[in-house]
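Assembly of the complex is requested from the two constituent chains, each provided in isolation within its own frame, with the hints serving as guidance.
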Amino acid sequence: MSDKYLWNRTGEPDPAVERLEHLLGGLRHRAGPLDYTRLPAAIPASGATWRWRRVVLAVAACSAVAMVAAGLWWRSPQTVAPAAPPLSPWLAQSLTGTPTVAGAPLRGELRVGGEHVIETDRASTVRLSASGVGMIDLGPGTRLRTLASGEGEYRLALDRGTLHAHIWAAPGSFAVETPSATALDLGCSYRLEAAPDGSGRLHVTLGWVGLGQHAVESLVPQGAVCALRPRAGPGTPHFDDAPGALAEALAAIDATTGPMPGAALETALAAARPRDAFTLWHLLRRSAGADASRLYDRLAVLSPPPAGVTRDLALAKDRAALEAWWNTFGLGDAELFGRWRARPAL
Amino acid sequence: MRIGHARTVDPAEAPYGNQDALVMAAKGGDRDAFGRLYERFGPMVHGVLLARVPLVEVDDLVQDVFLSAFQRLSTLRAPGAFGAWLAAIARNRAVDYHRRQPVEPLADDIAAADDGPQAEARAVLGVIQSLPAAYRETLVLRLVEGMTGQEIADRTGLTPASVRVNLHRGMRQLREALDSNGRAR
Chain A
1 MSDKYLWNRT GEPDPAVERL EHLLGGLRHR AGPLDYTRLP AAIPASGATW RWRRVVLAVA
61 ACSAVAMVAA GLWWRSPQTV APAAPPLSPW LAQSLTGTPT VAGAPLRGEL RVGGEHVIET
121 DRASTVRLSA SGVGMIDLGP GTRLRTLASG EGEYRLALDR GTLHAHIWAA PGSFAVETPS
181 ATALDLGCSY RLEAAPDGSG RLHVTLGWVG LGQHAVESLV PQGAVCALRP RAGPGTPHFD
241 DAPGALAEAL AAIDATTGPM PGAALETALA AARPRDAFTL WHLLRRSAGA DASRLYDRLA
301 VLSPPPAGVT RDLALAKDRA ALEAWWNTFG LGDAELFGRW RARPAL
Chain B
1 MRIGHARTVD PAEAPYGNQD ALVMAAKGGD RDAFGRLYER FGPMVHGVLL ARVPLVEVDD
61 LVQDVFLSAF QRLSTLRAPG AFGAWLAAIA RNRAVDYHRR QPVEPLADDI AAADDGPQAE
121 ARAVLGVIQS LPAAYRETLV LRLVEGMTGQ EIADRTGLTP ASVRVNLHRG MRQLREALDS
181 NGRAR
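These protein sequence lines are chains A and B, in that order.
Quick note on numbering: the first sequence equals residues 1 to 346 in our numbering.
Quick note on numbering: the second sequence equals residues 1 to 185 in our numbering.
Bear in mind the hints are in silico, worked out from the structure with no lab data behind them.
This one's a predicted model, so the numbers in the text were calculated from it and none came from an experiment.
Hints may be right or wrong, so weigh each one.
[As the list claims (entries may be wrong)] Here are the in silico distance ranges between beta carbons for each label pair:
| no. | chain 1 | residue 1 | chain 2 | residue 2 | range |
| --- | --- | --- | --- | --- | --- |
| 1 | B | Ala-119 | A | Val-216 | 50 to 58 Å |
| 2 | B | Ser-68 | A | Val-216 | 20 to 28 Å |
| 3 | B | Gln-71 | A | Glu-151 | 30 to 38 Å |
| 4 | A | Lys-317 | B | Arg-100 | 53 to 61 Å |
| 5 | B | Leu-76 | A | Gly-97 | 46 to 54 Å |
[What the hints assert, rightly or not] If you only want the chain A side, here are some residues facing chain B, beta carbon under 10 Å, derived:
| no. | residue |
| --- | --- |
| 6 | Asp-3 |
| 7 | Leu-23 |
| 8 | Leu-39 |
| 9 | Leu-95 |
| 10 | His-166 |
| 11 | Val-225 |
[Said to hold, decoys possible] If you want the footprint, here are the derived chain B segments under chain A, 3+ residues with CB under 8 Å:
| no. | segment |
| --- | --- |
| 12 | 46 to 58 |
| 13 | 81 to 93 |
| 14 | 146 to 152 |
| 15 | 166 to 177 |
All C-beta atoms in this analysis are idealised placements derived from N, C-alpha and C, irrespective of residue type, glycine included.
Chain B extracted, bound-state conformation (with noise of 0.2 Å):
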């Protein structure tokens, strides 16, 4: 086992806990602070886009979304509130998207998967993404990203009971979807 000089933790790095500390910090031009909340909403924001556009177009556009974030920071007055703008901002993102694609492009990307739990993971994946909009994301963010419906509550800022209520009927729906071994019909 090999065990180094134990140090503290760096007292300085404790006001980034607070997430209204990075919002501000990041309103500042600290990238460093908004690369922060990159990491900590990055999940998020994926999740939000990849219910809604085509698998191999997600992580394009998640960083449009925080660059678009980033420059209208100063927008944002309530850095409580981070979390559903964020979010909204992908959810227009995902539309914008759609609308300047003439061609729905969901089936060729499931199609072009290979064999494979890759393959099945995607066919999963469409199932999801023909449920209803707030199902299909608050599933994804479960599902996929591996959030739990609180962690849903505070990144998105939908009420837990608003997740809990689309996590039971989104799952209840996307059972019926998939055959008996849970896979896509």
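Extracted from the complex, chain A is given alone in its bound form (with noise of 0.2 Å):
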């Protein structure tokens, strides 16, 4: 067992200790609003102490009265006093090392309010939470920005290095941006990396993402990852355990643009294993033509097509159908789809 990894989340992870954070993670706190409400009325105090409190405050209240009244008829018209702004959800906290905020070195925490660049170097942690939303451990080496949003949303950009993200705000609500896809956020605890040149990796531990640029999407459940391809978006979610041949056929499908290479897509179609099926149900919205016909064929033997999603339908890339399809999949129900079409412009 690594008590390092049991003491402070560092050195090499204890499988144990990790599978049991993921599990449970789900029943971590959520804070709503402090609900004041519920507080009891004021009890009086006894005796010749409250008496005396009470004409003192009736002194002061009469005052505060005269005062206010004398204070609007002098000032007329009654100016109104702007709103305070919303406070900032984010808190950053310094973890180890001296993590920057806005150049700033951080000792202890610090609420971050607008937009910010917080920065680790390679000997400093960072940990931002947010009251309802999440917690977002920075490892070194990061840039991160936090975003200006609307309301109920919440919007990160990670430009380099890793972030490790637990969220339990509304799913759909919470999204970080890197050079070459932007990551919403479906229920879920991730690892995502992201280098300058827009090359990274998501992994998912918990839940959903959903990782998109333009028309390229891919949606990513727990226990797979995610290339991040430069100027290309993400490429093709599969399970963490899939077999080699599969991840590196993936690899290579996933650094070309055009037609996908023949001996790649060959390889993977054969190394596809039943539980696969997400990753070929996502080449095959990707593809065209003939590929996308060996691709459907290959996904029908897999994890066969319900009634009525039939090889036109599929072909012809019918949204209802595909969706269908997916759920025959038993990685969650298609409306996820429905809350990544939903989201916010990216």
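Right, here's the structure in full:
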């Protein structure tokens, strides 16, 4: 057992502890606001002290009323104080070393409002937390920007480095932009790596993440990884225990932007297990012509399409048909796609 | 990439990075300061309660603990002891909860869960709740709330050495109580 990992999540991860973290993380504190209305009414003290306080309070109240009335009379027309700006949700906490926020050293904790750059060097790490949203740990060598966002939306931009996110905000309300794609939380924990050139990797450890850029979309379930491709958006997701041949073939396919390399596609089709149906499903959506036909045939063997999903509909990329097929994979309902499409403009 | 006007961090916010300043402000009735203490210590209180009472009761009791603390804050002499003081309130609140419950509801709570990961999580939580109090509290703070050992020590007022021992021994007992796949037997 790695006590170091158990102590502070550094060193070689202990698989048992990691599994328990992922399993139990869903029970974590989700802070709603404190409900002060539950406070009981003030209980009056007894005896002379209370009587004396009542006199003082009465005098103070009368004075306050008089002062307010005088103020209102004197200041006409009445001015209205501007509303206080909303409190930023993000609290940055230095975990190790001396990271920076807006170029200034971060020691202890600081609430980070608006748009700022948070950077860690090789020896520092930061935790960003937001009540009701989640917790994001930034690894060494990371540059992250907090972004202004609308009501109920939370957006960050990972320029380089690594983040580990545990999100409990409503699915679809938290997004991380990277140089090549945007990761939209669909209720999950994940690790996201990004390099300035746009390359990177997403590993989902709980729930789902939608990864997209323009028309290229990948939905990545728990236990799956997905590459980020420079200037080309997300790659093809696959489970982290996929056969090596399949992973290598997908890397070759993802490296091209035109027709899929024949040999790589052949390898992927042969290596895919029934569990990898969702991977072939993603390839099918991105393929055309003979490639699409071969993908359909193999996918139909690994995970037969449900009634009503015909070959013609699948090859025509009919949305309802493909989503109905998706629902047979046991990876969650295709309703997730609706949340992905309903995402804010990326 | 949308990059708007960058503004410098408001220096006025910096003092709130200091816990003692937050506690002092909250003692003066500053609800914003107390709200930040709630954000910071909420997971700790949640974990302390979750180690002792049924899951379905925890959120409600977290509110109770913080509102009780808000009312009694004037009795706290050392702002630096806020975490330990709050943890004590949470533990007492859990004891009080059980005094008022004629039937132990933990088993029902677990049985009521649906199938799937949530049910498995509740089952494992049930195993943790069966461990000695010191171990289960530290394990819940580490495995459920995601706190590091040092954070547990900082928030609860326990010494890092105690937390380390509790984590180590608690994890050993938990492994023994779970099956080889890490699932509740």
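Okay, the hints, checked on the actual structure:
The hinted range of 50 to 58 Å is not satisfied by Ala-119 (chain B) and Val-216 (chain A), whose Cβ atoms lie roughly 36 Å apart. The hinted window of 20 to 28 Å between Ser-68 (chain B) and Val-216 (chain A) is violated, with their beta carbons roughly 52 Å apart. The beta-carbon spacing between Gln-71 (chain B) and Glu-151 (chain A), approximately 32 Å, falls within the hinted interval of 30 to 38 Å. Under the hint 53 to 61 Å, the C-beta atoms of Lys-317 (chain A) and Arg-100 (chain B), about 60 Å apart, fit the expected range.
The hint said 46 to 54 Å for the Cβ distance between Leu-76 (chain B) and Gly-97 (chain A), and at roughly 32 Å that hint is violated. Because the smallest distance between the Cβ of Asp-3 (chain A) and any Cβ of chain B comes to about 6 Å, under 10 Å, the interface hint for this residue holds. With 10 Å as the threshold, the beta carbon of Leu-23 (chain A) comes within range of chain B, its nearest partner Cβ sitting at about 5 Å, so the hint holds. The beta carbon of Leu-39 (chain A) is positioned within 10 Å of a beta carbon in chain B (closest approach about 6 Å), and the interface hint is therefore held.
For the restraint placing Leu-95 (chain A) at the interface with chain B, the shortest Cβ-Cβ distance is roughly 8 Å, inside the 10 Å limit, so the hint holds. Nearest Cβ of chain B to the Cβ of His-166 (chain A): about 6 Å, under the 10 Å cut. The hint holds. Taking 10 Å as the C-beta cut-off, the interface hint given for Val-225 (chain A) is violated, the closest approach to chain B being about 19 Å. Given a C-beta distance limit of less than 8 Å, the hint that chain A covers the segment 46 to 58 of chain B holds, as 4 residues qualify and 3 suffice.
Coverage of the segment 81 to 93 of chain B by chain A is violated. Counting CB-CB distances below 8 Å, 0 residues qualify, and the rule asks for three or more. As drawn, the segment 146 to 152 of chain B meets chain A at 4 residues by the rule of a beta-carbon pair under 8 Å; at three or more, the given contact holds. Beta-carbon proximity to chain A at under 8 Å applies to 6 residues in the segment 166 to 177 of chain B; the threshold of 3 is reached and the given coverage holds.
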